[in-house]
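Chemist: Here are the chains, one letter per residue:
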Amino acid sequence: MTASPTPAAGRPLLDVADLHVEFDTHGGVVKAVRGVSFSVQAGRTLAIVGESGCGKSVSVLSVMGLVPTPPGRITRGAARLGDVDILRRKIVDGHDVRGSRIAMIFQDPMSALNPTMRVGDQIAETLQVHRGLSRADAFRRAVEVLAQTHIPDAEARAKQYPFTFSGGMLQRAMIAMAIACEPEVLIADEPTTALDVTIQAQILDLLQELQRRTGMAIVLITHDLGVVARMADDVSVMYAGEIVESGSADDVFYRSAHPYTLGLRAAMPSQATTKAAGLQPIEGTPPDLFDPPPGCAYVARCPHAMHLCRPHRPEPFQVDPAHHARCWLHHPGAPAGRDGVYRGARA
Amino acid sequence: MTPPLRFQPADFEPISAGPPTAAPSRPSLSYWQDSWRRLRRNRRAFVSLAIVAALGVFAVAGPWIWPRDPAAQDVDQISQAPALPPTAAIVDPYTPWAGVTAEPPADGPRWEPASAGPSVTNLRLAEPATTQAVRLVWDGVEGAAGYVVYRSVYDPAPDRALGLPLGDTVGAARVSYEDRLDVEERRYWYSVVVLGEDSTERDAYATLVVEPVRAVSAEEAELRGWVADASRISPGDTIALPYHPLGTDYLGRDLLARLMHGARVSLFIGVVAPLLYVLAGIVVGSAAGFIGGRVDQLLMRFADFVVALPFLLFMILFKVAFGIGPGESGILPMLVALVLLSWPAAARLVRGQILQVRQEAYVAASRLLGAKTGYLVFRHMIPQTMGVILVTLTFAVPSAIFTEAFLSFIGMGVAPPTPSWGSMANEGIRTMLSHPHELLFPAFAISIAVLAFNLLGDGLRDALDVRMRGRE
Amino acid sequence: MLAYTVKRLLQGAATVWFIATATFVAMHSVPGDPLANQRATSEEIRRNLEERYGLDRPVIEQYGIFLGSMLRGDFGISFTQENRRVNDIIRENFPVSATLGILAVTFAALGGILWGALTALYRNRLPDLVITFLVILGISVPSFVVAALGQLALVNLNAAVGEPLLPVAGWGTLRHMIVPSLVLGLGTMAYLTRLMRSSMLEIADADFIRTARAKGLPPTRIFLKHQLRNAILPVVTVLGPAIAAITTGGFVVELVFAIPGLGRYFVTAVQQLDYTVIMGTTVFYGAFLVVMVIAVDLLYGWIDPRVRLE
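Residue numbers (the working numbering), protein chains in the order written: chain L, 1 to 347; chain A, 1 to 472; chain D, 1 to 310.
In short, the hints are calculated from the structure, not lab data. Being a predicted model, the structure only gives us computed values, none of them experimental. Cβ atoms here follow ideal geometry from the backbone N, Cα and C, with glycine treated the same way. There's no promise every hint is true.
[Stated by the list, open to error] A few chain A residues facing chain L, derived, Cβ under 10 angstroms:
id, residue
1, Phe7
2, Gln8
3, Ala10
4, Phe12
5, Pro14
6, Ile15
7, Asp182
Between the sequences and the hints, there should be enough to build the whole structure, so can you do that?
Modeler: Below, the structure written as structure tokens:
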């Protein structure tokens, strides 16, 4: 298997800029994604972290054109895959970029596969559509791809139906389906959430192995900081439809520059967590996205909230090169604090 | 990028407001409150609820508001279509008519052997036509052997369908005819055909359209009970006849009254039978669900068998088996048969619900928290199951109404003369081509009732579906 | 699959036995004398008749004889029509009912799937609203009304055209069959359309449809291979009961359109209290329905691998 052509270093494969997504509901318009930007380079893994409902899934589903419209609506933004804005155009040179150049795997493998189709046929389908292979060739290739995901006896398994598979095996089949056409970007939306802990590790290992081999970029959506620590090169933290902090994994983890990131870390169980300190929940609930606050979305829960945080929305401040945080604490006028928020190497 | 903002040091002062917790601001609704709210929002379901209520009023209060005997026959108004209140003119008692004899005019048409022949001319009424008698006069044809008079309720023009031959006259000079044959208040086409010398009919004919007025003599009106005292009315007066707003059936029975009494029968079966068999289903289903084991298996296997019985055949069979004694309406046998054959569906449903609810984590959690069985049953099991049962019940009503109508329609249901919508439709179909209203009204009643209950069931299902909570 | 088939067949046999027993019990609790309206004018004739129909034996023995002859496929001799075997009556009249029923079921299933898929495709747009309205009408108007109105419409249509386009009643040619089978299938079609619509909408939201779109498959392929196939499954499961409903609903259509089917014969037999014909037809119909339901179950197993392989 040959590695896909690697673009010039530093140039992102997938570049999402200023994405806005809204949903019409009976209760009003929900502004689910409010100006999200992220990019990922070949061979690297970007993790998008955040609690449920923060808009991380909606962001990537929009990129894939999988947000049902109506009620959903992409109001602004761009998502460039190479030279093409795939937010507006999915068909390039007569081929759908989805499944061929950018692929996606989902949270619940149990329901993400068609129950009435053989697993092998579902993998072969992509090859037939995108590569123009014959049914038999596509199936043969599907068996090979399935074997790459370390499913034992792939030949026999390919002829079986999803309901005979275990959860972990289904996720492997899902991955096989996604990588069959050797996409440049793989989006994984909580790929391990529905699986046993032991299986989780295997699936993550598999993803890393495949990435090493093919050089594909991975966008990993998760709320599990443990998965992030294990997988990610870069991390974007989302809150209430915005990215509040982004940077390398080390930056975000060890030099957290946003109070929300700090809150997330404190709420995460780790070996270092002592019984006495315990887990620190973040008090309160995320803001109502029917009517998002004009200023910082986190202000109501932030222990360091300042008066200007309410009326004024913070721009992403550069903390270090390639490390940004949407927080007024990084404004030059903000008081130097003992608040545990990293203020950058210059400070 | 927004223009750079200027901030004062005060802007960077920490907010020292109280706890950062923003309490959820939406009011919480109980299950039934939420369901009722959603049902009310569903306009279709709400209209159906109103229709169901109106049908109930129609059946219960109708016969008091319109106290006409549904079995009384109005022989003067048979198969009457819905119309304005009928009236009758009072006329003198019938006196025989001598008729008119006149030689054909000398310059008039003559009968010629070889041709289609001339037709009579100037066909007219001798006096205003009434239901008592229609008296026709015409100008004769010289040399005619006689004339034949036809009557039709359709226009004979296109293919010379002259209708009923009423009678013939002899001789060219006999140029009148009196029709007293069941003349009704409707439009007639009278045609007169000339008879040739060999008494064969000629092709040519003359036609007159006549609309007789309903007429009755004062004595007859009193005899029929339309007026109390014959001496107080005189010829030229007009009296009102019994009014049938929806018309009458082939026996002259008032359709509105029959629809109302039929509604009682049809809706009684439609509502009571489902109530009974759902109740039976609840008993059997909860027994199976709660006791479990052998009992459960036995009951459910039996339910499987009953479900497999061909429903309508056994309805008919049970109907025959229970028999209808003289003077009985046959409602009770139908109820019993419906309950005997229909309980398994409800039983399966209730059993499934109970088994499901018993396994729910929240029930286990509630039990762990020390909830007593009674609390569990009333707080968790009943609300969970009631919705489904209510929806089943609503959908069972139209199918029971259908079953009654179907059986009565094929003559295996409610026994005559008790009216039910199905039996009315059965009687109506015989006169469908000439008097469609006798079929259409009961058919419409059945359809509207079934429609209302179906839509109501849809609405209830949506309203009670927990997955739909908070939406819309 | 084989074990499943055998199990279903055994269950079916037990069900037919239950139907036969229920029929026997029902018919033997009929009040009055089965020979009362017969030509049992003298005691001797009466005894002969009783002997002939086995009515002089104890009930248990009659039951045994009844079951035995049922097993041999012998439904006995008609009560009212001397020397006519019930088997012959069924043989002559059932094919007519079956043809009518098969046509109606085909029409209902194809129509239901087609209309249901259409409404789901045009969700909340004009075609959906129109079809949904017609479906509600179809569910709410009883079959005999549809039959009567169909006939009325046919009479007027023929009158308007000036020549008989389609026969108003009777049986024999394909032209006779069109309108009755349409009328008979209409209610079931409406029901199946509704089912298909909700099934299509449910599947449209399913995760695996999202997966298919994420794979970049063309919309027609997603629709045909992923959505339609899965959406049809619930429709197939109710085909068994639908066949039952259509076959028995056939009585009315046979009556209205003067079709010489078994249903019409059954109604006549009930009116004349022709015991053997009633019992024979009921058991025959019951067995037929059981067989149809099993056939549909097996068909379902063939379509849905989850059932087939369990």
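Chemist: Hint numbers the structure violates, sorted upward?
Modeler: Of the numbered hints, just 7 does not hold.
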